[in-house]
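Asker: In the order they appear, the protein sequences are chains A and B. Counting from 1, one number per residue, gives the positions in the first sequence under our numbering. Counting from 1001, one number per residue, gives the positions in the second sequence under our numbering.
Derived from the structure by calculation, the hints contain no laboratory data. Heads up, some of the hints might be wrong.
To be verified - With a straight-line cut-off of 27 Å between C-alpha atoms, the simulated BS3-like cross-links for lysine-lysine are: (1) Lys1547(B) - Lys73(A); (2) Lys1297(B) - Lys133(A); (3) Lys1282(B) - Lys1450(B); (4) Lys1552(B) - Lys17(A); (5) Lys1309(B) - Lys129(A); (6) Lys57(A) - Lys108(A); (7) Lys133(A) - Lys1309(B); (8) Lys57(A) - Lys1552(B); (9) Lys57(A) - Lys1520(B); (10) Lys1309(B) - Lys1187(B); (11) Lys1300(B) - Lys1450(B); (12) Lys54(A) - Lys1552(B); (13) Lys1187(B) - Lys133(A); (14) Lys174(A) - Lys1552(B); (15) Lys1520(B) - Lys108(A); (16) Lys108(A) - Lys73(A); (17) Lys129(A) - Lys1300(B); (18) Lys1009(B) - Lys1282(B); (19) Lys1450(B) - Lys129(A); (20) Lys108(A) - Lys129(A); (21) Lys1282(B) - Lys1297(B); (22) Lys1552(B) - Lys73(A); (23) Lys54(A) - Lys1309(B); (24) Lys174(A) - Lys222(A); (25) Lys1282(B) - Lys1002(B); (26) Lys1111(B) - Lys1002(B); (27) Lys57(A) - Lys73(A); (28) Lys108(A) - Lys1552(B); (29) Lys1187(B) - Lys1297(B); (30) Lys1282(B) - Lys1187(B); (31) Lys1187(B) - Lys129(A).
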Amino acid sequence: MIEISGVSKSFNRGEVKAVDGLDLTVPSGEIFGFLGPNGAGKTTTIKLIVGLLKPDKGTILINGLDNQTDSLKCKAMTTYVPDNPDVYERLTGLEYLNFIGDIYGVGKSERVARISRWLETLEMEAAVKNSIKSYSHGMRQKIVLMAAFLPQAETIVLDEPLVGLDPRAAHSLKEEMREHCRRGGTIFFSTHIMEVAERLCDRLAIIHRGRLVACGTMDDLKARAGEFESLETIFLELTET
Amino acid sequence: MKQVRALLKVDLKTAFSLSLLWRFFRRERKNWKYLPLAGLVLLALIPILIAYLMLIEAVFRILQPMGQESGLLTLAVIIGQMLVFVLGLIYVISAFYFSSDLEVLIPLPVKPHWIILSKFTVILANELISIIPLLLPPFIMFGILSRAPVSYWLFLTPVMLLLPVIPLSISALLAMGLMRLVNLSRKKDLLIIVGSLFLIILQFFLQIRLRGSGGGESTAWVLNFFNDRNSLMNVIGRNFPPAVWASRALDMGFRSSGPANLFLLAGLSALLFYGLVLVSRKVFYEGVIGLSEVTAKRRKIGRRELERKALAGRHPVRAIFWREVRLMNRTPMFLLNGIVVVFIIPAVFLMMSLGDPKGGLSVFLKWITGANPLAVVLASAGFFLITGCLNGTASSTFSREGRQFWISKVIPVSWAGQVLAKFFHSYLVSLLGIGVAGLVVLVGVGLPVKSVAPALILAVAASVFFTAVSMVIDLNRPLLNWTNPQRAIKQNLNVIVAMVFDFGTLAALGFLAVFLISRKLPATVVYLMLLALSLAGSGASLPFLLKFAARKYPRIEV
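With these hints in hand, go ahead and build the complete structure from the sequences.
Answerer: Put into C-alpha cells, the structure is as follows:
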C-alpha cells in the first residue's frame, strides 16, 4: 500500500516545481496506472516513492511506514524499475540476479524456481550467462524487470516498464503484474500507452504540471469527463495546455 | 575549422565541467562554503612544495660546482615527458575510444581527424595542468638560482606548452595502432588491458635499459664530462633528444643554439601532430566502430546449471563487496587506473634497482640504512603507502557507480553496510599494493626483514586511515554523471584532492619523524609514536566514515 500525502518537490532552488501538493493512495492488491505528458512529474513522483529523491514537503508511507524515517524497511518491501535500464553492464545477467537475490535474501530454492520461470517467460535462457554489456535495450529491460520481480516484494514501482519490450514479453509482463496483485501485492506504474492503462489498471491517475488532475477507476474518469469515451480523449482534454 | 571549434568547445566544457562549476558557485550561494575547504587542500600542499623546493635547491647546489646545473632542467623535462607518455596512453585510449559521446558524434557528418583534434587538445590541456605543478618549481628555481637572463623567462612559456605534445602524440599513435588490433579481436577488454600494460612496461624498460647503456667509465670521458657545461644534460637526455632541445632552448635563450633548439622542438611537435592527424584519418573510425560490440556465444542455461550457479545465502555486505570487485576488475579503464597502478609503481622501482645494481638506488638505500636504520623503515613505509593508497580506488569508489548509483539508493542495505563493503574492497587493494611493494623491497632491493617488517606493520595500520579519508572525500561530492569511465577515476577532482591530502599527510608525518629524531629520541620510541598515531587515526577514521555515510547518502539525489 502506498500513501502519498501533500508531497511537493521542486528543483533549481524552487524555480521548477516538479510535484506540487500530491495526495494519492494506492491500496494493496491494486494495479495503479500513472499517466501524464512529458515533464508532468511522473518520474519525479516515482523517484520520491522509492527514495531516490527526498520530498520538500509531505510524507510517503509504504505499508504504513514513512519512506524517509523507516527507509530500510520500506526498501525491503519495494522494488523499482527505472525508465532507463541502466544496470551493471560488466556483470552477467545471472550475476545481477544473484546480487539482487542476495540483497533481498531470496533463498536458493525460490531463487532457482523464480529465475527459471522468468527466463522462460521472457525468453532469456540463452542470454542470462552473458555480460549485460552484450544485451540489447529490450534485453536489459527484461533483466531489470526480472530483478524487480525476483524478491516478490509487496510493492513494485515501474517507470515506463513496457518501453523496449517485444509484444510477447509485454504480454507476459502484464500477466505477471496481474498475478502479483492477485497475491495481494501493489503495482504502481507509469506509462504513455493509453490502451494498456485502460485495460490493465484497476485505477488511474493523471498528473499535469506536477498536480493531480484526475484519479479513479476508468468508469469514474469516464463519468467525470462526460462526453469523452476513451482514455486518450480524456487525457488530451485534461492535459491541454 | 568551424566544426572543430564547435567540437572543442563542447569537449572542453564537458572535460572541465566549466558550466557546472560556474553554476556551482554562481547560483548556489551555499556552495561558497567549499572555498575554505579548497584553501585547506592548498594548505596541505605547502609542506610538499617546501620539501620539493628544498630538494631542487639541493640538486642545483650539488651540480653547480661541476658546471652541470642545466642537467636539472633536462631531468625535470624527462620526468615530465615520461609522465605524459605513461598517463597519456591510458588517457588517450579512454578519450578516443571509450567516450559515450562517440555514439553521438560518429553518425554526424564529422571527419575522424576533427574528433581527434578536439579530443587531443583537451587531453593536452589536462596533461599540461598535471605537469605544471611538477615542472614549474624546478624551472623557476633554476631561473632564480642561476640568475637566468630575460630570454630564459621568455622561452619558458613556449617550451612548457610544447613539452607534452611529442610524448602525447607518440602515445596517441601507439593507442590508435593498439585499438585497431583490439577491434579485430573478440576478447577486446583483455587485449586493451594487456596491450596497454605491455606498452607502458616497454616504455619504462627501454628508458631504464637505454639509460644504463653507453660508456662513461674512461678517464677521458670523465674529463670531458666536467669540461662541457651540457654533459649531464646530454647523458640524461641522450635517448630522448627533445628533452635536450627543450633544456638547451631554455638554458641558452637567444644565445648560440637556443632558438635553433626551440625550433627543433616545435618542428618535431608539429610533425608528429600532423602525422597523428594523417593516421587518424585512416584508422580512427576502423578502431572505434564496433568496439562496443560484444560477441557472446548464446548458449541456453539448463535447470541443473542454474541450480549450480544460483548462489544463495551470501550476506548483503559480501554481495556488495563482490560487486565492487567484479565491476572494478572487468572495466579496463578502472583496472588500468586503479589496481594496475599498485603493480606498476613497484615494478618501476624494481626495474630501476635491477637495471642499476651497482649504483644509484641501491647505494642510496644502503647509505640511508647505514646512516639511520629508522629512516629506511619510515621511507619504506612511505613507499608502501604511496603504492597502496594513492591509486584512486578508494577516492573514486562512489563516483565509479555513475548512472547505476540508483541501485545503491534503492536496495534495502544500510548505508553503513554498503560503505563497509566498499571499504573492504578499497582496503584490500591497498593491502595488495603494500604487499607487492613489500615484496619488491624485500626480494628485489634486498632490504633486511628487520627493516621491512616494521615498515609493513606501520603501512597496514596507517592505510585504514588513508582509505577511509579518501572515501569520505569521494562521498562528499561523488561524480556520478560521467560519460567516460576515465573521468570517474583519472579526471575526478576527488581523486586529486585525496592524493594531495595523502601526500600532505605523509609529508607532515615525515617532518614529524625528522623532528622527533632530531630530539635524540630512541628509534623504537619514534617508531612506536608514529605507529600509535597511525592506529589512532585509523581507529577514528572508520567510525567517522560510517557516520558520515549515514548523513550523506540520503542527501545524494539521482
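Asker: Hint compliance check: list the failing hint numbers for this structure, sorted ascending.
Answerer: 3, 6, 9, 11, 14, 15, 19, 21, 23 and 28
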